[in-house]
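Chemist: Line by line, the protein sequences are chains A and B.
Residue numbering for the first sequence follows our numbering, beginning at 1 and increasing consecutively.
Residue numbering for the second sequence follows our numbering, beginning at 1 and increasing consecutively.
Note that these hints are calculated values from the structure, not bench results.
One or more of the hints may lead you astray.
Said to hold, decoys possible - In the DMTMM-like style, the derived pairs of lysine to aspartate or glutamate whose C-alpha atoms are separated by at most 25 Å in a straight line are: (1) A:LYS2 with B:ASP30; (2) B:LYS156 with A:ASP86; (3) A:LYS55 with B:GLU174; (4) A:LYS95 with B:ASP30; (5) A:LYS2 with A:ASP27; (6) B:LYS156 with A:ASP88; (7) B:LYS156 with A:ASP83; (8) B:LYS156 with A:GLU107; (9) A:LYS2 with B:ASP171.
Said to hold, decoys possible - In silico negatives: residues of chain B with every beta carbon more than 12 Å from chain A: (10) LEU57; (11) PRO169; (12) PRO223; (13) ARG262; (14) GLN342.
Just so you know, even glycine gets a beta-carbon here, dropped at the ideal spot from N, CA and C.
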Amino acid sequence: MKYVLLMMGPVDPDPAADGATEQEFIDFDTELQQAGVHAGGFALFGPEEGTSVTKQSREAEPVVTAGPYAESREYVGGTFVIDVPDFDRALAWAKRCPGALGGGRVEIRALLEM
Amino acid sequence: MSVDDVLARFYREEHSRLLAALVARFGDLDLAEESAQEAMAAALATWPSAGVPDHPLAWLITTARRKALDRVRRDAVLARRLAELALERQPDEPVPAPGPTDERLAMLMGCCHPAIAPADRIALMLRFVGGLTSAEVAQSLLLPLPTIQARITRAKRRIRVNRIPLRVPEDPAEQQRRLPLILTAISLVFTEGYDATGGTNTLRADLTEEAIRLARIVAAPTPPRAEPLGLLALLLLTDARRAARVDAEGVPIALEEQDRTRWDPDLISEGLALVERAAGLPDAGRLTALAAIAAVHSEAATFADTDWPQIVALYDLLLRHGPDPVAAMNRAIAVGRRDTPQAGLALLEAMADEPILARHHPYHVALALFRAECADPAGSRRAWIRARDLVDNQAQRRFIDRHLSPDG
Numbered sequence: 001m002k003y004v005l006l007m008m009g010p011v012d013p014d015p016a017a018d019g020a021t022e023q024e025f026i027d028f029d030t031e032l033q034q035a036g037v038h039a040g041g042f043a044l045f046g047p048e049e050g051t052s053v054t055k056q057s058r059e060a061e062p063v064v065t066a067g068p069y070a071e072s073r074e075y076v077g078g079t080f081v082i083d084v085p086d087f088d089r090a091l092a093w094a095k096r097c098p099g100a101l102g103g104g105r106v107e108i109r110a111l112l113e114m
Numbered sequence: 001m002s003v004d005d006v007l008a009r010f011y012r013e014e015h016s017r018l019l020a021a022l023v024a025r026f027g028d029l030d031l032a033e034e035s036a037q038e039a040m041a042a043a044l045a046t047w048p049s050a051g052v053p054d055h056p057l058a059w060l061i062t063t064a065r066r067k068a069l070d071r072v073r074r075d076a077v078l079a080r081r082l083a084e085l086a087l088e089r090q091p092d093e094p095v096p097a098p099g100p101t102d103e104r105l106a107m108l109m110g111c112c113h114p115a116i117a118p119a120d121r122i123a124l125m126l127r128f129v130g131g132l133t134s135a136e137v138a139q140s141l142l143l144p145l146p147t148i149q150a151r152i153t154r155a156k157r158r159i160r161v162n163r164i165p166l167r168v169p170e171d172p173a174e175q176q177r178r179l180p181l182i183l184t185a186i187s188l189v190f191t192e193g194y195d196a197t198g199g200t201n202t203l204r205a206d207l208t209e210e211a212i213r214l215a216r217i218v219a220a221p222t223p224p225r226a227e228p229l230g231l232l233a234l235l236l237l238t239d240a241r242r243a244a245r246v247d248a249e250g251v252p253i254a255l256e257e258q259d260r261t262r263w264d265p266d267l268i269s270e271g272l273a274l275v276e277r278a279a280g281l282p283d284a285g286r287l288t289a290l291a292a293i294a295a296v297h298s299e300a301a302t303f304a305d306t307d308w309p310q311i312v313a314l315y316d317l318l319l320r321h322g323p324d325p326v327a328a329m330n331r332a333i334a335v336g337r338r339d340t341p342q343a344g345l346a347l348l349e350a351m352a353d354e355p356i357l358a359r360h361h362p363y364h365v366a367l368a369l370f371r372a373e374c375a376d377p378a379g380s381r382r383a384w385i386r387a388r389d390l391v392d393n394q395a396q397r398r399f400i401d402r403h404l405s406p407d408g
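Given the sequences, and given the hints that come with them, work out the whole structure.
Modeler: Dropping the structure here:
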């Protein structure tokens, strides 16, 4: 069964927080590959480089805004998709994931397979 | 024994195990519950003519698995998940004997998985392992029925969608973290059976027996842990007084007036041995202290023979585990017996502002009894009236009425 590990980060990070380094994410990715559970994923540029599109209704003109949605307090920095037999294995990987460090948060979401 | 008797006994003693065994195999609470019901119906239809099988549980598991398979094949959503549901694997695997591997322990531990919302865990345990209906769960947790139904639905969906395994975690530290809530759930099942809420019946033996069965399952694994042994001891020592606890009309009899020859000596000796084992373990805590208090009462031939200094010392030990107004109240009562009624009454009166005790009818009963002994009949009567306002159980109300008008 596939689970997505979402790397969540605060929009206003604590400057003193000791966050994960890029190398730690690369090492984690390698570990997933070696364990044979790596099933995809991606890393993203920061939310300040993002663009938001909203539509008030089906008929309305889409509104394009530079940057993240003003009210969001968290953003998705990247994901790992893992294929493991059950939730406890997914949880064990999430606990080792560097994304949980320094004010970040790893959210485990089951992949809805259509 | 007739087929009806066998099925009734099975339902009482093994239904939660059948359900747990099916959940362990399917990983889906709804599918397990529906197929368990269908298997029980099939037993009712076929056993009278075909005879009761040698291994009723194995028969029911096999039948339930076939029923589940039929259901899955008819249902498109379930059919897509057929491979995950592990229904076709090892069709007739043997059913393990009861003991440390009992599936009910896996269910209890699984219901306390950290990925299930804390508020939902106890409701799930009471409903799926304790055998309480949703309405009884609501009563037991003092919450509205729709809240309980919403929690159970939400938790079942989380388990299914995330494929949360309902099993004993391998890490002993994680097992230890899940234990306290499991022990709380088992005591709630027992209490629901012992002081059936709101109803006219004071005792529901099916629930107290189920709680004791579950306590045995949780206390069985090695190495032994103190608190599960303490809980089992506490339940056995409390249940030992069952026959002496209410009169012919179902009205409760106070501890000092119980006929102690009607206490069950086998349950008491088993309980005493368990308390001794629990007290000798390093992790002995609240439940072990409560069991030790019950043990001291069990060892007294009469109420007057009770070792009150020991009871007070054990309440002091219990209160070291954190504030507990009910334990403090019971300690005050024990001081009143050890020293003088005036000393006990003074401690009780000093607790009057504690909100938990203000709503706790035994507090007002204790005030009433001590005030009567301290020559304050008017104050005693006020406390009896307050206690009567707080109970919603017919039998308990009659117990209080007898004191309010002893001649009527």
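Chemist: Between LYS2 (chain A) and ASP171 (chain B), is the straight-line Cα distance small enough, at 25 Å or below?
Modeler: Status holds; Cα separation ~24 Å.
Chemist: Taking the closest pair, is the beta carbon of PRO223 (chain B) still more than 12 Å from chain A?
Modeler: holds (23 Å)
Chemist: Going straight from one Cα to the other, do LYS156 (chain B) and ASP83 (chain A) come out at no more than 25 Å?
Modeler: holds (22 Å)
Chemist: Taken at face value, is the distance from the CA of ASP30 (chain B) to the CA of LYS2 (chain A) at most 25 Å?
Modeler: holds (22 Å)
Chemist: Quick check for students: does the CB of GLN342 (chain B) sit more than 12 Å from each CB in chain A?
Modeler: Answer for GLN342 (chain B): holds, closest chain A Cβ roughly 58 Å.
Chemist: Take the C-alpha atoms of LYS156 (chain B) and ASP88 (chain A), compute the straight-line distance between them, and say whether it is at most 25 Å.
Modeler: holds (16 Å)
Chemist: Assess, step by step, whether the Cα of LYS2 (chain A) is no farther than 25 Å from the Cα of ASP27 (chain A), and give holds or violated.
Modeler: holds (21 Å)
Chemist: The output says LEU57 (chain B) does not contact chain A. Does that hold with a beta carbon cutoff of 12 Å?
Modeler: holds (25 Å)
Chemist: Does the no-contact call for PRO169 (chain B) survive, Cβ to all of chain A over 12 Å?
Modeler: The claim breaks: PRO169 (chain B) does not keep its Cβ more than 12 Å from every Cβ of chain A (closest is about 8 Å).
Chemist: Run the distance test for LYS55 (chain A) versus GLU174 (chain B): straight-line Cα separation, threshold 25 Å.
Modeler: violated (47 Å)
Chemist: LYS156 (chain B) and GLU107 (chain A) were given as a pair; does the straight-line alpha-carbon distance stay at or below 25 Å?
Modeler: holds (20 Å)
Chemist: What's the verdict on LYS156 (chain B) and ASP86 (chain A), does the C-alpha distance respect the 25 Å limit or exceed it?
Modeler: Distance ~16 Å between LYS156 (chain B) and ASP86 (chain A) Cα, so the pair holds.
Comparing the model with each earlier hint shows violations of hints 3, 4 and 11; every other hint is respected.
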